[in-house]
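Engineer: Sequence:
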Amino acid sequence: MVTYEELLAQLRAHKDEAYRRFNERIVNIPEGTSIGVRTPVLRALGKELVKSEGFSLDTLLAFPSDVFEVRLLKCFAVGYKKMPFAEKVRRIDACLPVIDGWAVCDLFCSTLKEIKKHREEFFPHIEGYIAQGGEFSQRFGYILLLGCYMAEEYLPHIFALAERAHTQYYYTHMGVAWLLAEVLVKFFDRGAAFLRTTSLDAKTVNKAIQKARESYRLTDEQKNFLKSLKK
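First residue of the sequence shown? That's 672 in this note's numbering, and the numbers climb one at a time after it.
Note that these hints are calculated values from the structure, not bench results.
Even for Gly, the Cβ is constructed at its ideal location relative to N, Cα and C.
Be aware that one or more of the hints could be misleading.
[Stated by the list, open to error] Restraint-style ranges between C-beta atoms, simulated for each label pair: (1) Thr868 to Glu688: 21 to 27 Å; (2) Gly703 to Gln803: 19 to 25 Å; (3) Ala802 to Thr890: 23 to 29 Å; (4) Glu758 to Glu791: 29 to 35 Å; (5) Glu792 to Lys686: 38 to 44 Å; (6) Lys874 to Thr674: 25 to 31 Å; (7) Asp771 to Thr869: 25 to 31 Å; (8) Glu791 to Gly703: 41 to 47 Å; (9) Met672 to Val712: 16 to 22 Å; (10) Ala689 to Arg867: 27 to 33 Å.
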């Protein structure tokens, strides 16, 4: 297993300074806290890392988390490393403290497609992330619902958990709005019925409607109807 310093050296070999300056603004992290490695390159490095001789997930997870790309590599490694699902769940939970922004959250979620094969088993963990009430623990739960649970049989659970959103947090607000917008696109009648009765605040309902109305997958008639539901 490489050392922390060796890992940083590998990352710096792929540094793109212009991208670093741009990306730090987009992902809303302090200037100078990233190296500037583009996401496709970082994903490839993550896949190589977990297959490398002597790789230790425990060692990687114990590295400092002050560099954006290292936080992402930890999450990618948990997603890419083959292991029994029960162990993967423990590793996912171990990564929660490094999820400190929308980018780490959403990119981590995108590597966890395996959850689709274990929906029922994993669902209590989704409930747990949302129950924690933190901005990014909640967003993590909502984005996983969007990516892995967008099925009709889970709509009652999605709606119940959406009601628990702490939308005073911007990235929680945006995460649950995105989730509900996707419900509207795929299950329009059920989603619209929920919006008519939900206790969610107006800004989140309206953001969900806005995002759904931006989709090319809804008809003009559906978009006009959603406009009438704005609070």
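Engineer: Next step is simple, just say for each hint if it's right about the structure.
Structural biologist: The hints, checked one at a time:
1. Thr868 to Glu688: 21 to 27 Å: 51 Å, violated
2. Gly703 to Gln803: 19 to 25 Å: Taking Cβ atoms as reference, Gly703 and Gln803 lie about 30 Å apart, which means the hint is violated.
3. Ala802 to Thr890: 23 to 29 Å: Taking Cβ atoms as reference, Ala802 and Thr890 lie about 37 Å apart, which means the hint is violated.
4. Glu758 to Glu791: 29 to 35 Å: The hinted range 29 to 35 Å is violated for Glu758 and Glu791, with Cβ atoms some 18 Å apart.
5. Glu792 to Lys686: 38 to 44 Å: 40 Å, holds
6. Lys874 to Thr674: 25 to 31 Å: For Lys874 and Thr674 the Cβ distance comes to about 47 Å; the hint is violated.
7. Asp771 to Thr869: 25 to 31 Å: Because 29 Å falls inside the window, the suggested range holds.
8. Glu791 to Gly703: 41 to 47 Å: 44 Å, holds
9. Met672 to Val712: 16 to 22 Å: 21 Å, holds
10. Ala689 to Arg867: 27 to 33 Å: Once the Cβ atoms are compared, 47 Å apart, the range 27 to 33 Å for Arg867 and Ala689 is violated.
Checked against the numbered hints above, the structure breaks hints 1, 2, 3, 4, 6 and 10 and satisfies the rest.
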